[in-house]
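Protein chains in written order, with our numbering: chain L, 45 to 514; chain Z, -2 to 358.
Treat the hints with care, since some could be wrong.
Stated by the list, open to error - Mimicking EDC-like on lysine to aspartate or glutamate, the simulated pairs with C-alpha atoms at most 16 Å apart in a straight line are:
no.	chain 1	residue 1	chain 2	residue 2
1	L	K408	L	E442
2	L	K417	Z	D306
3	L	K417	L	D445
4	L	K285	L	E254
5	Z	K216	L	E442
6	L	K369	L	D428
Derived by calculation from the structure, the hints in this document are not laboratory data.
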Amino acid sequence: MSIPVPIEELALPQYDISSITYKPRIQLKGRISRSTIEELSRSKREPEWMLRLRLRSLELFEKLPTPNWLVGVEELDLEELTHYIQPDVERVSSWDQLPSEIRRVYEKLGLPEIEARVLSGLAAQFESENIYLSFKKFLEEKGVILMDMSEAVIKYPDLVKKYFMRVFPPSDHKFAALHGAVWSGGVFLYVPPGVRVEAPIEAFFFVASELEAQFEHTLIVADEGSFIHFIEGCAAPLFKKYSFHDGMVEIYAHRNSHVKFTTVQNWSKNLINFNNKRAILEEGAVVEWAEGSLGSKVSYVYPSVILKGRGSRASIYNITLAKGKTWKDSGAKAYHLAPETSSEVVSKSISAQGGVAVYRGLVKMARGARNSKAAVKCDSLLLDTESKAYTYPKNEIEEDDALVVHEATTGRLSEDALFYAQSRGLTEDEARRLLVIGYVGDILKNLPFEYQVVFRRVLELEFEELGGYG
Amino acid sequence: MSLKELKAIPYQPVADSPAVRYYTDWNAFEPYLENPAPPVQLGWDDDALRLLNLKPDLILKPTPLKDKPELPEASSKRVLAFHLNTLNSQVNVFLRDTSYTILVPKPREGVLAAHLSVRATGNSTLNVLLLSPADAEGLNTLSIDVEVDTASTLRLNYIIRDSYRAPSAIFQRTRLDKDSRLETFLIGSRGRMTHMEMNQLLEGEASEAETVALLAAGKFSRITLETSAETRAPRTEISIRGLGFANEGFIAHKGFARARRGAMESRLEVRSRLIPLSPTSRVYAAPVLEIESDEPSYAAHSVAMGPLDPEHIFYIESRGFNEAEAVRLLVKSMYASLISRMRGSSLYQDALRLLLEELGL
Chain L
45 MSIPVPIEEL ALPQYDISSI TYKPRIQLKG RISRSTIEEL SRSKREPEWM
95 LRLRLRSLEL FEKLPTPNWL VGVEELDLEE LTHYIQPDVE RVSSWDQLPS
145 EIRRVYEKLG LPEIEARVLS GLAAQFESEN IYLSFKKFLE EKGVILMDMS
195 EAVIKYPDLV KKYFMRVFPP SDHKFAALHG AVWSGGVFLY VPPGVRVEAP
245 IEAFFFVASE LEAQFEHTLI VADEGSFIHF IEGCAAPLFK KYSFHDGMVE
295 IYAHRNSHVK FTTVQNWSKN LINFNNKRAI LEEGAVVEWA EGSLGSKVSY
345 VYPSVILKGR GSRASIYNIT LAKGKTWKDS GAKAYHLAPE TSSEVVSKSI
395 SAQGGVAVYR GLVKMARGAR NSKAAVKCDS LLLDTESKAY TYPKNEIEED
445 DALVVHEATT GRLSEDALFY AQSRGLTEDE ARRLLVIGYV GDILKNLPFE
495 YQVVFRRVLE LEFEELGGYG
Chain Z
-2 MSLKELKAIP YQPVADSPAV RYYTDWNAFE PYLENPAPPV QLGWDDDALR
48 LLNLKPDLIL KPTPLKDKPE LPEASSKRVL AFHLNTLNSQ VNVFLRDTSY
98 TILVPKPREG VLAAHLSVRA TGNSTLNVLL LSPADAEGLN TLSIDVEVDT
148 ASTLRLNYII RDSYRAPSAI FQRTRLDKDS RLETFLIGSR GRMTHMEMNQ
198 LLEGEASEAE TVALLAAGKF SRITLETSAE TRAPRTEISI RGLGFANEGF
248 IAHKGFARAR RGAMESRLEV RSRLIPLSPT SRVYAAPVLE IESDEPSYAA
298 HSVAMGPLDP EHIFYIESRG FNEAEAVRLL VKSMYASLIS RMRGSSLYQD
348 ALRLLLEELG L
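Bound conformation, chain Z alone:
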């Protein structure tokens, strides 16, 4: 695809609807689109990796391409089209009752465009780590196709700490079979412009998708997260929860929950809590519900955006802490309240330190 053809594709499918703004700073991707180059000097943040106490089973690198994946949305999203066009790494992963960790390195320059095709059966965990050196200038684009087999459970953990100097884009697409369950846990901090789209399609009866996203944006950081889940089958459950703090940074969360015909007795829920910690912070939220029949038994979304409760801060201060300590305790406890919902929370406790560090707490 030529640059001209690429530029004919919009950054977002519907350009001028008041409800489809992505909040992503697409300008950050422009230089790479204009001049795509192979990745040079792949690297990662060793300290962060040690902190998480995880040993990668696979470190992505350029590979020969087999069949190019089919990404239908590439025709309506410019960065995804660019990703498909530039694809230089492709990996298939089959998980059966196992835990697997993939490290996505950041190029010092150029573009690492990788595609993961994941199939999970039994009870498995997949960790995807993007732990960039703070000053790397290359672009990461990553597409992940996930298929969860009948009566299987996949825990998908993303831990993302990107570079201050280069953007990243992640596009995940998941299909859930009957009685399957996907638990997505996303920890995202730091990044010049980190754009993430998590799409889940619940095709199988009684399938469940739970997404928890913990985000932190300090100075110079911009994070956009789009979580989208669609059900077409009976007795499915969708739960999306986002919690983000911005301290002189920017966070946007757009959460879609869609129930199409046939989603009898399904439950859908999108919840978002975004908190600006300083006057120059910005937080945006757009939780969307699309319900196409009266069949679902429950569909709701809620957003709360606002400061930490001054009474809570005062209470902690009255117990002998200073204001900064009180804020730190409150932020930590709010993150921890979501972490405690997840099984095997020791990894998340470690990752929590990355979030607090990003916020300068």
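Here chain L stands alone, though its shape is the one from the complex:
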């Protein structure tokens, strides 16, 4: 699928993009009220059912308590945020048609180049709306739908209504309800029965101003026997004030389908990131989540799978970097509801310069999950005395022949390995860098080559900035 290229040839994310001064067409800010929601829905020309869903979500948001175990969200004040920013740009399918100021942002992020090399489709969201969306004609002809989420609500109401917030209902928690009330942007992807989309499709989300809240909604429906690899990228420049992200990804994997979902999250270091990710798997379906969490100041992300069909399988891989004054709460949840299901969770975190990495996970073998298996492995690497790693797994078994195995370790870089690498001619910094990259290597190998390179390079840049650890 992808052709190996030297690292130097790849466009790498540059994070010196200054604030973009492009004026928005519509902005909704301040307290989230019924009238805000109605205005948002009206501006998107949504059908009545979507407005009702939004209003019901708003009611839930107002009723549900804020979880009292959240850390690091004290400054989050929803009333000072802009919840919807519609950029004054028409959606295009060619980079040349974008205003140059915005196009330059994406060129710096390397998107056009990656699209040309690897992807079969790309949606780029700027603020609250997709401004670029393009995908291969032959896929369209096969019946694949890749569309802006709002547009899909209007064009395919029956199909969207069947799945939208059915996988992750707004009643789940306060911030799922908030998302349901004010969501905008994101993509809808439908893969028809038997269709295999071999090259990945990517959605890229960019937060371009401070005190902005982004609520994109991604819905993927893989019909029977289909295959799709979806990549989600996130970036934001560093502003003086914080921004907020409360996105949602829903995957419905029909019988014998196979969905890979990869996230490369590199939000700026003062963004509060909540992300709601869940997949439902029918008989024989396979879902693979791979989550690379590099950026953001505070992050709460737990990709989850509901294995409701016999023989369905899921894997969840996480890499989390908690560097500096950050709180990275990540994990995974696997609910086994059917016989002969299996799940695998591998989580690796790196904490440095006082960063806190938390693994919070759940494996539940419900009554009926006979002969099911789950394996969880979470490792934490601490690079100095200031950093912390917490591991909170939970395993529940209600079937006598189900098997759950959980292993976790927390440690520092091995002195022996460092010594060995140095005895082979590496400096101490190089040796440390090599060992950290090696530590996450078994997860990185699950990504397409180009993304492995980007990921490794970002990790290396973080190290260069630190000048090594010790």
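Using the hints provided, position chain Z relative to the given structure of chain L.
Chain Z alone, transformed into the frame defined by chain L:
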């Protein structure tokens, strides 16, 4: 404290975190909280006591209270607050190179809320027995403060076989001085709702805490065990091992290992193996690691929850045993593998019979 004030305290400190669920059936405690009454007709299971071949040095009973103990966590845990409020028995124990056995009787009705303050020096053993008659309906709450002096070792054995009709709650708090060692060995079987919290604080350099818990929950039994060990000193060692079988019963093990700043070159380990033996059994495990610097040399936890290996059962059957015998042998051997790690294992061999009996093996 009034009932209203008591009810304002949550059963657990953080109510809605997905990671702090206790699995304890708190409803079992509610009738006693609503209507606390003094203990009536204290009793114990004589057959079990004879089986263990132990003669109690002390049988707890209501006593006049001296100074009420300080239990800071009572402000955030309802059952502990109730315990402190209802406290009606208080004993101080000083152990120096000795072995001592305390029997905690079960009231036929009412509440026996006892507090033990234990200080150990030299090389000592303390046995705490809760061997309830199967049909007793009173509540036991027990708090134990243990202090192990510098360069001393305490073996703390709990053998618990509770009533089918009433709950019990045990809260242990231990502080370990320099070069001290605490070996906690817990055998827990039977009980409508037995809730146990074992907290160990390793404050002294090179102190060690080893906990081994063997649990068995048959029909109508629910056991929740929370083991928590925290180190703040260099070269300390924490080892927590839990092994439980549920045969139509319920077992939960929540094990915390925490390393705070200063735990240089310390080692922490939590291991849990919980095995459901029948389709209606339920087992839960939540092993937690909180590591707050890169100073510890080793920190790990692991959980295995699943059935006995069918190949092992088949192998034993192929040697002429029937399936029930094969299961019994496997269960016994798994318990025995942990027992063999402990010094003076004859007591545990006897206690093992209580576990197998609970599982109907």
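Index of numbered hints that the structure contradicts, given in increasing order: none
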